[in-house]
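Q: Each chain, letter by letter, is given below.
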Amino acid sequence: MEDADPAPLELEEYSHFGMVGRYTAGASNLPFFPLRSYFETDLPKANPLIRPIRSPFGEETVYAVPPLKPDVTIVHAQRADADGNTQMWGLLGCQKEAAFAAERVIVVVEELVDEAVIRADPNRTVIPGLIVDAVVVEPFGAHPSYVQGAYDRDNHFYRDWEAISRDAATTAAWLDEWVYSVSGRAEYVEKLGAERVASLRPSGQAPSGSVDYGVYK
Amino acid sequence: MEDADPAPLELEEYSHFGMVGRYTAGASNLPFFPLRSYFETDLPKANPLIRPIRSPFGEETVYAVPPLKPDVTIVHAQRADADGNTQMWGLLGCQKEAAFAAERVIVVVEELVDEAVIRADPNRTVIPGLIVDAVVVEPFGAHPSYVQGAYDRDNHFYRDWEAISRDAATTAAWLDEWVYSVSGRAEYVEKLGAERVASLRPSGQAPSGSVDYGVYK
Amino acid sequence: MNKPRVSSSSTPGGPGGPGASNSAPGGPAASSSTPSGPGASSSTPGDPGAPEAAAFTRSEMMIVAAARELAGQRVCFVGVGLPNIAVNLARLTVAPTLELVYESGAFGAVPARLPLSIGDPTIVTGATAVVSMFELFSFYLQGGLVDVGFLGAAQIDRFGNINSTVIGDYEHPKTRLPGSGGACEIAINARQVFVIMRQSKRSFVDRIDFRTSPGNLGGAEAAARIRREQGWLGSGPSVVVTDLGIYHFDESGEMRLESIHPGATLDQIRETMGWEPKVAEPLETTPAPTPEELRLIRQQLDPDGAYTK
Amino acid sequence: MNKPRVSSSSTPGGPGGPGASNSAPGGPAASSSTPSGPGASSSTPGDPGAPEAAAFTRSEMMIVAAARELAGQRVCFVGVGLPNIAVNLARLTVAPTLELVYESGAFGAVPARLPLSIGDPTIVTGATAVVSMFELFSFYLQGGLVDVGFLGAAQIDRFGNINSTVIGDYEHPKTRLPGSGGACEIAINARQVFVIMRQSKRSFVDRIDFRTSPGNLGGAEAAARIRREQGWLGSGPSVVVTDLGIYHFDESGEMRLESIHPGATLDQIRETMGWEPKVAEPLETTPAPTPEELRLIRQQLDPDGAYTK
Numbered sequence: 001m002e003d004a005d006p007a008p009l010e011l012e013e014y015s016h017f018g019m020v021g022r023y024t025a026g027a028s029n030l031p032f033f034p035l036r037s038y039f040e041t042d043l044p045k046a047n048p049l050i051r052p053i054r055s056p057f058g059e060e061t062v063y064a065v066p067p068l069k070p071d072v073t074i075v076h077a078q079r080a081d082a083d084g085n086t087q088m089w090g091l092l093g094c095q096k097e098a099a100f101a102a103e104r105v106i107v108v109v110e111e112l113v114d115e116a117v118i119r120a121d122p123n124r125t126v127i128p129g130l131i132v133d134a135v136v137v138e139p140f141g142a143h144p145s146y147v148q149g150a151y152d153r154d155n156h157f158y159r160d161w162e163a164i165s166r167d168a169a170t171t172a173a174w175l176d177e178w179v180y181s182v183s184g185r186a187e188y189v190e191k192l193g194a195e196r197v198a199s200l201r202p203s204g205q206a207p208s209g210s211v212d213y214g215v216y217k
Numbered sequence: 001m002e003d004a005d006p007a008p009l010e011l012e013e014y015s016h017f018g019m020v021g022r023y024t025a026g027a028s029n030l031p032f033f034p035l036r037s038y039f040e041t042d043l044p045k046a047n048p049l050i051r052p053i054r055s056p057f058g059e060e061t062v063y064a065v066p067p068l069k070p071d072v073t074i075v076h077a078q079r080a081d082a083d084g085n086t087q088m089w090g091l092l093g094c095q096k097e098a099a100f101a102a103e104r105v106i107v108v109v110e111e112l113v114d115e116a117v118i119r120a121d122p123n124r125t126v127i128p129g130l131i132v133d134a135v136v137v138e139p140f141g142a143h144p145s146y147v148q149g150a151y152d153r154d155n156h157f158y159r160d161w162e163a164i165s166r167d168a169a170t171t172a173a174w175l176d177e178w179v180y181s182v183s184g185r186a187e188y189v190e191k192l193g194a195e196r197v198a199s200l201r202p203s204g205q206a207p208s209g210s211v212d213y214g215v216y217k
Numbered sequence: 001m002n003k004p005r006v007s008s009s010s011t012p013g014g015p016g017g018p019g020a021s022n023s024a025p026g027g028p029a030a031s032s033s034t035p036s037g038p039g040a041s042s043s044t045p046g047d048p049g050a051p052e053a054a055a056f057t058r059s060e061m062m063i064v065a066a067a068r069e070l071a072g073q074r075v076c077f078v079g080v081g082l083p084n085i086a087v088n089l090a091r092l093t094v095a096p097t098l099e100l101v102y103e104s105g106a107f108g109a110v111p112a113r114l115p116l117s118i119g120d121p122t123i124v125t126g127a128t129a130v131v132s133m134f135e136l137f138s139f140y141l142q143g144g145l146v147d148v149g150f151l152g153a154a155q156i157d158r159f160g161n162i163n164s165t166v167i168g169d170y171e172h173p174k175t176r177l178p179g180s181g182g183a184c185e186i187a188i189n190a191r192q193v194f195v196i197m198r199q200s201k202r203s204f205v206d207r208i209d210f211r212t213s214p215g216n217l218g219g220a221e222a223a224a225r226i227r228r229e230q231g232w233l234g235s236g237p238s239v240v241v242t243d244l245g246i247y248h249f250d251e252s253g254e255m256r257l258e259s260i261h262p263g264a265t266l267d268q269i270r271e272t273m274g275w276e277p278k279v280a281e282p283l284e285t286t287p288a289p290t291p292e293e294l295r296l297i298r299q300q301l302d303p304d305g306a307y308t309k
Numbered sequence: 001m002n003k004p005r006v007s008s009s010s011t012p013g014g015p016g017g018p019g020a021s022n023s024a025p026g027g028p029a030a031s032s033s034t035p036s037g038p039g040a041s042s043s044t045p046g047d048p049g050a051p052e053a054a055a056f057t058r059s060e061m062m063i064v065a066a067a068r069e070l071a072g073q074r075v076c077f078v079g080v081g082l083p084n085i086a087v088n089l090a091r092l093t094v095a096p097t098l099e100l101v102y103e104s105g106a107f108g109a110v111p112a113r114l115p116l117s118i119g120d121p122t123i124v125t126g127a128t129a130v131v132s133m134f135e136l137f138s139f140y141l142q143g144g145l146v147d148v149g150f151l152g153a154a155q156i157d158r159f160g161n162i163n164s165t166v167i168g169d170y171e172h173p174k175t176r177l178p179g180s181g182g183a184c185e186i187a188i189n190a191r192q193v194f195v196i197m198r199q200s201k202r203s204f205v206d207r208i209d210f211r212t213s214p215g216n217l218g219g220a221e222a223a224a225r226i227r228r229e230q231g232w233l234g235s236g237p238s239v240v241v242t243d244l245g246i247y248h249f250d251e252s253g254e255m256r257l258e259s260i261h262p263g264a265t266l267d268q269i270r271e272t273m274g275w276e277p278k279v280a281e282p283l284e285t286t287p288a289p290t291p292e293e294l295r296l297i298r299q300q301l302d303p304d305g306a307y308t309k
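Protein chains in written order, with the numbering used here: chain V, 1 to 217; chain U, 1 to 217; chain E, 1 to 309; chain G, 1 to 309.
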């Protein structure tokens, strides 16, 4: 990146909370989101879109970040129904906010489930089908990342990736072998090999247990 | 209230979203919370604490509400462990925000559970024990309101309450009989009677089902 | 935001996964948890002098007419009170796939009985999603995902501005009403607003005592400008249904009577509002409630007559 | 915010419900999911000329010293990199009830192995709570519930101001670093900030190239004023642990060497920083790692030497 290779990248400097705030503003149709970060740092100098805003109550000033509305947000989840109602457990990051902020949403899931599975536990729903444009059923689709309860983070891959991504030629070679030359995800997973896939499975189950919503007629 | 009986009440006029924003600001240590409500309404005139705030991006103005930090927030939930880690399902309202905003938090639960029950489903935790000062184990403690999966809203009571609350004498009489004259909640429930309690139980179970978090060693 | 496409790599280019099913599980069943209500409705039936008047009350006609307006809508934010029964009737009749949103946090609710409050466990069991009020108001409502915000009101003016705060002066009210609740933000953020209320000289007024929810302000032009300038996603009020008729809004932003209920007369309409109403030509007559609509209201949704008395 | 009192009406005035148990379930077990690592650590052990130097590396001493600083703390926000292993060692030794917060959304994490990323499923299973990043940053961190924010850094100055964004000029950097991540807000909002980093002329600098995270700014007085005026809940940096020693901050807000690691010398300290260090009198010597601390690092937390190489 420092070498502008292959091309200079345009950067907007934010912090993690700043990005969360930007997605939250985008999802909420707010013109800005306020947070206490950035004060007495060089970030507002590096990024003129981080701007001070004075509280209308008292003397305090906080910083505001602008809304972010992605053209497309792609999220990966454990399960969705055919209407796109999506449930996740484990770390949620800001996938929900990024989905609500986006123009279009693609949900990639490990498993397509019946609507009844979703409706049995409505508090577990993170993204409603209402905002989902496409559901892609792609088991093992998050590799080399992980899916809680389904498979582990492939730390091996991330270590290898450091060397692969160090120059353009090795990166291109990897892309050619693992992305452009495979017909789809199924072939990618096959190419990884059953042994590697098996090695990434959790060593045991950790069931959440079931709660009762009750029937109210 | 119009008659200032027994005493004039001080009112601050907000909307529901405004109150949610106030608790959210309180929980987040923000000096205000922005929202699109109130424009072209009489609420900012009725309540000078609803104030316009100009976005630092573009021409838009939104309204800001001030943070609310209750001295005490009391929430009712299905279950907590002895450390106060609290799980709920069903409607959450803004109990979480009100708890995080408060100086002190009291959690009233239907059931005290082992820490392992909580840790088996961490995405279900709404309030961490970290902010909880006291756990009160009080089955049927939300009556005349409901607890999802445990008992129903006692609509009968709410209908009766309209008449009871219409004047000071009937209200005082009710308070005397149902609050001051009972030794505690257990006696209140006993006084309600087994039949009424039974009539408020859900007519069947609606289990959430269990999900797997996986063991990662 | 149409039906999502479902694809799977195991059937590339194929017909995709299992077909989408729209049928809501756990459909409503007979309500019976509140058996000892005030008994059958005692309201006045439609004007007995008019031959069209069937055996239904004005409240029933109002609820039925309001429900029918929801045909073709996808997402409805359900206000407290009369909207609740109208929207639930719509889900059982003209709008079976309507997604019900309750501000307490339920999306895609499929209540097995008519909830008597927005805080009722029956709107949770079987719902598509249950979320915090912060998320519901921020992402669903203010984010622009609600097609229709359905409100009740104490007072309304010709431009659809609504009062649900006080009758009389704010500082010394004659009657203190419940206040905004979510009505202020629903009116601003829902793509369009439907209103259901009984009309009278006290409720259909030339000047509301307090503006809780903006409608078309002083007229369509001013309202459109404010909405554009302030980045609101909603376009304001579009339907008002009363116990006498159905109003839409004309190009000037003013209410116009589109349909009069069977049994009601234009004189009754005029006697129960604080301004001279605009009337569509030709003025339609609202089709009377069908036996099925009446059965659903009387036997299933409101056997105690809480809404129709 | 001490241990909550538990009461139950069935035992009024009695001893309350079942006693609170502080034992974390699912304690860590031997890590073995990444068996083919780069092998044993190849780092330089403590200066072999010093008689105190035991068989441990400087990195091990740094991690052990950092972990020990967490004794008595309750809630720690775990930064990416070195803080991760230090905090997890603390949980296994001096701070068994320490609540680990990961910015990806886990609170009260009990990782069964050392997570190699803040996005790792082992920090979820068995955690007390898993929440959205919005909630974690807003309510837990900005809301003032984090006692210690534990950060790594590329550059630090004498007042504890931190750079993790760029080396060189921002517009044309010599090295582009990962950027703030959560470091900016952790420094501002955590009640106090601990830093762990190797010290060198390039990292302990007179002037940082970019201020990502505010420390004591230009001194304690200015920092206290800003923090008060702006309503920050944090009080800034309090501990810096390096591969050579442990620094606290004096009343002027400047770093002061409190303890030197066994095997390190004051000359080494001076040669690896860009200003003349303040040194406490008397200067303590950090107790060497215990065999148990070394066993935990080598066999359990970092058998591949990812952090200690």
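Hints are computed from structural coordinates only; laboratory data are not their basis. Mixed in with the good hints there might be a few duds.
Capping the alpha-carbon separation at 30 Å, the derived lysine-lysine pairs in DSS-like fashion look like this [claimed, not checked]:
(1) 45/U with 69/U
(2) 191/U with 201/E
(3) 217/U with 217/V
(4) 201/G with 217/V
(5) 201/E with 174/E
(6) 201/G with 278/G
(7) 278/E with 201/E
(8) 45/U with 201/E
(9) 217/V with 191/V
(10) 191/V with 201/G
(11) 191/V with 191/U
(12) 201/G with 174/G
Just so you know, these numbers come straight off a predicted model, no measurement behind them.
Q: Hint by hint, note whether the structure agrees.
A: Here is what the structure says about each hint:
Proposed proximity of residue 45/U and residue 69/U is supported: the alpha carbons are some 23 Å apart, at most 30 Å. Of the supplied pair hints, the one linking residue 191/U and residue 201/E is violated, its CA atoms being roughly 47 Å apart against a limit of 30 Å. Note on residue 217/U and residue 217/V: the hinted pairing is violated, with a Cα-Cα distance of about 45 Å set against a maximum of 30 Å. Among the hinted pairs, residue 201/G with residue 217/V is inconsistent with the structure: their alpha-carbon atoms are about 72 Å apart, more than 30 Å.
A distance of roughly 16 Å separates the Cα atoms of residue 201/E and residue 174/E; the hinted pair therefore holds under the 30 Å criterion. A distance of roughly 16 Å separates the Cα atoms of residue 201/G and residue 278/G; the hinted pair therefore holds under the 30 Å criterion. Only pairs whose Cα atoms come within 30 Å are accepted, and residue 278/E paired with residue 201/E is accepted, the gap being roughly 16 Å. Simply put, residue 45/U and residue 201/E have alpha-carbon atoms about 26 Å apart, close enough for the 30 Å limit, and the pair holds.
Among the hinted pairs, residue 217/V with residue 191/V is inconsistent with the structure: their alpha-carbon atoms are about 53 Å apart, more than 30 Å. With a C-alpha separation of about 47 Å, the suggested pair residue 191/V and residue 201/G falls outside the 30 Å cut-off, and the hint is violated. With a C-alpha separation of about 69 Å, the suggested pairing of residue 191/V with residue 191/U is violated against the 30 Å cut-off. About 16 Å separates the Cα atoms of residue 201/G and residue 174/G, which keeps this hinted pair within 30 Å; it holds.
In summary, the numbered hints that this structure violates are 2, 3, 4, 9, 10, 11.
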